[in-house]
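Participant: Each chain, written out:
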Amino acid sequence: MFAYIVRRLLATIPVMGVVALFVFALLHLTPGDPAVLIAGELATDADIAAIRAKLGLDQPFHIQLATWLWSLARGDLGISIFTNLPVTRLIEQRLEPTLMLTLTTLIVSIVIALPLGIISAWKAGTWIDTAVMSFAVFGFSVPVFVLGFVLILVFSLQLDWFPVQGYTSISEGFLPFLANITLPSVALGMIYAALIARITRASMLDVLAQDYIRTADAKGLATFDVLIRHGLKNAAVPIVTVIGIGIALLISGVVVTETVFAIPGLGRLTVDAIVKRDYPIVQGMVLLFSAVYVFINLLVDLSYTLLDPRIRY
Amino acid sequence: MTAPLLEIDDLRLHFYTRDGVVRAVDGVTYHVKAGETLAVVGESGCGKSVTAQSVLRLVPSPPGRYVSGQIRFQGRNLLDLDMAEMRKLRGAEISMIFQEPMTSLNPVLTVGRQIGETLVLHQGMDQKAAEARAVEMLKLVGIPEPERRVREYPHQLSGGMRQRVMIAMALACNPKLLIADEPTTALDVTIQAQILDLMRELKSRVGAAIILITHDLGVVAEMAERVVVMYAGRKVEEASVDDLFARPRHPYTLGLMGSIPHLGSSLVHNAPPRLAEIQGVVPSLREEIPGCAFAPRCGFATERCGRERPEIEELAPGHFAACFEAERVAAQFAEAAS
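Here the protein sequences line up with chains A and B, keeping their order. My numbering numbers the first residue of the first sequence as 1 and each following residue consecutively. My numbering numbers the first residue of the second sequence as 1001 and each following residue consecutively.
The set of hints was computed from the structure by calculation and includes no laboratory data. Virtual Cβ for every residue (Gly too), placed ideally from N, Cα, C. Treat the hints loosely; a few may be bogus.
[Claimed, not checked] Only some residues are given here: those of chain A computed to face chain B with a beta carbon under 8 Å: (1) Q210; (2) D211; (3) R214; (4) T215; (5) A216; (6) D217; (7) A218; (8) G220; (9) L221; (10) N234; (11) T305; (12) L307; (13) D308; (14) P309; (15) R310.
[Said to hold, decoys possible] Straight line, CA to CA, 25 Å or less: simulated DSS-like cross-link-like pairs of lysine-lysine: (16) B:K1088 x A:K123; (17) B:K1176 x A:K233; (18) B:K1033 x B:K1176; (19) B:K1176 x B:K1088.
[As the list claims (entries may be wrong)] Residues from chain A shown here face chain B by an in silico Cβ test under 8 Å; the list is partial: (20) A209; (21) Y212; (22) K219; (23) H230; (24) K233.
Using the sequences and the hints given, assemble the complete structure.
Facilitator: Here it is, written out as structure tokens:
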């Protein structure tokens, strides 16, 4: 097991290396001179030369690549062109809102989806099942930004229960934090909850038809114990897999949600950087998201061994 | 005479499916006395398993529905109990062993946990006491190194061992009635004998009554005191084991006996070269059968059999059969035996 973790961690190095090369190429595959593009239409030759020097574009190609990889290895993601701040610092500043939004969204969607999925599998074929699955289809088909605006309209503007937009750090108090994060989490979590509910239902349906569930019933266990202790644990592997895959989905959803709710997070940082062609930031973000994704995959794989004793690495 | 432990009285369980009503159990009556072993035999689809599962109310409803009848356990009609009361009986007073030891144990829980669960539930033991008792139970069912095995998962055990675990689980709370649904069918022949020996031994120790569901008359002869033969959702014959083998009165029972392979039988002079089988297939239970359900496959059938259904009658003390031609059947068997 330990050897497996070490092996998997070592395996992330070439993966991240390939991502790094791709990200490096991003700057060079852009048609035209990136310095000209970044500088904009009103720039003078001197401006362009300055940008070129700053990005190291005046260096030979292999030197550029070596410098880039070397600074990456030291954890240096370069300097933002427009703010002149290190990209790592910018990410640091914006990390909390995004991390929190991702976390609360995960919690919201799992708390909604697991019970719904389990109940609809347990009551398969009844009106409850139909209602839950209709809700899932609805959740899956409404875009995040539409749901976000509807939620703001109803719960912030009409009912005045929540603030319209913005973010309050958890260090400034839990309740204000909660007030701000609730609507974005629900808006973003709905699509995700729909996904998890569907897979939970499918996986539970399969498990509930198994002989060992009948054995559990024959022992006199309460329905809850049969469903959770005997059912859910067996159904967990596909569910956890989908939750893991869904985190990739979340990353793109976070960008939209942060825009709708004006949350100063990594999503906004990325969008702004792309619009302004602030390449070092874009590169840093792509690297960061890739690393997160690789890491989540590892966690998902490792969680299998906790859930199913037949899986051993 | 004391009242039987379990009485199934004119039980009718029908399945309401899209293609129509399936009369899986159509007026079955039998009883088990305390400490007795009753065998229920019949082909696949004759309703023997569904009847037994009805005792624990394990048949999913819908589609299943009890149309009539009673299942009385110690005088209480189980069909009248609510689910909470039913759960108190399950695993504690009545427990069940299933056919497939490979799939009947939960793959993600340890063996000890699965045995201990019933003890925690029904006897209020804490986890630790339950695990200690689980070790004892594993020892009792003859699993070597029970202290180690108790922490293992089902996939780490062989088929025979898993069935032993099932038995340990079923007997953990000292039930009064054990329903064993084809407990040896999925096992190797050598393991089958071991499991049957184990069941016999534990039965004498625990004193539980057993309903043994099987299609294997060899197992019946070895294990049971009384036999119920079922066909197409009905009981067609009931007798003590000795009576049944000495003087079968239903042609279906006769057919079942003819289907047992005997070692070296084909070497006997003039013996038929192949195993005698019962011609035809079990009838569909979707349509109401006007006469005797076995008539189309029966060598003794007369015109009356297709028209009128024979009721079950006591033809000799303790020997019941539902056949108009019962005496002819018995006579032919006696003739063939001599």
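Participant: For every hint, state whether the structure bears it out.
Facilitator: Each hint, compared with the structure:
1. With 8 Å as the threshold, the beta carbon of A:Q210 comes within range of chain B, its nearest partner Cβ sitting at about 6 Å, so the hint holds.
2. Annotation: interface hint on A:D211 holds; nearest CB of chain B at approximately 4 Å, less than 8 Å.
3. Hint status for A:R214: holds, given a least beta-carbon distance of 6 Å to chain B, under 8 Å.
4. For the restraint placing A:T215 at the interface with chain B, the shortest Cβ-Cβ distance is roughly 5 Å, inside the 8 Å limit, so the hint holds.
5. For A:A216, the shortest C-beta to C-beta distance to chain B is roughly 7 Å, which falls under 8 Å, so the interface hint holds.
6. Annotation: A:D217 was flagged as interfacial toward chain B, and the flag holds, the nearest CB pair being 6 Å apart, inside 8 Å.
7. Checking A:A218 against chain B: minimum C-beta separation of about 5 Å stays under 8 Å; hint holds.
8. Look at A:G220: its Cβ gets to within about 3 Å of chain B, closer than 8 Å, so that hint holds up.
9. Because the closest C-beta pair between A:L221 and chain B is about 7 Å apart, less than 8 Å, the hint holds.
10. Evaluation of the A:N234 hint against chain B yields a held restraint, the C-beta minimum of about 5 Å falling below 8 Å.
11. Taking 8 Å as the C-beta cut-off, the interface hint given for A:T305 is violated, the closest approach to chain B being about 11 Å.
12. Because the beta carbon of A:L307 sits about 7 Å from the nearest beta carbon in chain B, less than 8 Å, this interface hint is met.
13. Nearest Cβ of chain B to the Cβ of A:D308: about 6 Å, under the 8 Å cut. The hint holds.
14. For A:P309, the interface hint holds, the least distance from its beta-carbon to any beta-carbon of chain B being 4 Å, beneath 8 Å.
15. The beta carbon of A:R310 is positioned within 8 Å of a beta carbon in chain B (closest approach about 5 Å), and the interface hint is therefore held.
16. With a C-alpha separation of about 23 Å, the suggested pairing of B:K1088 with A:K123 holds against the 25 Å cut-off.
17. A hinted pair counts as satisfied when its Cα atoms are at most 25 Å apart, and B:K1176 with A:K233 does not qualify at roughly 32 Å.
18. Restraint check: the Cα-Cα separation between B:K1033 and B:K1176 comes to about 10 Å, which is no more than 25 Å; the hinted pair holds.
19. About 13 Å separates the Cα atoms of B:K1176 and B:K1088, which keeps this hinted pair within 25 Å; it holds.
20. The interface hint given for A:A209 is violated, since its Cβ lies 10 Å from the closest Cβ of chain B, which is over the 8 Å cut-off.
21. Evaluation of the A:Y212 hint against chain B yields a held restraint, the C-beta minimum of about 4 Å falling below 8 Å.
22. Because the smallest distance between the Cβ of A:K219 and any Cβ of chain B comes to about 4 Å, under 8 Å, the interface hint for this residue holds.
23. Evaluation of the A:H230 hint against chain B yields a held restraint, the C-beta minimum of about 5 Å falling below 8 Å.
24. Because the smallest distance between the Cβ of A:K233 and any Cβ of chain B comes to about 5 Å, under 8 Å, the interface hint for this residue holds.
Checked against the numbered hints above, the structure breaks hints 11, 17 and 20 and satisfies the rest.
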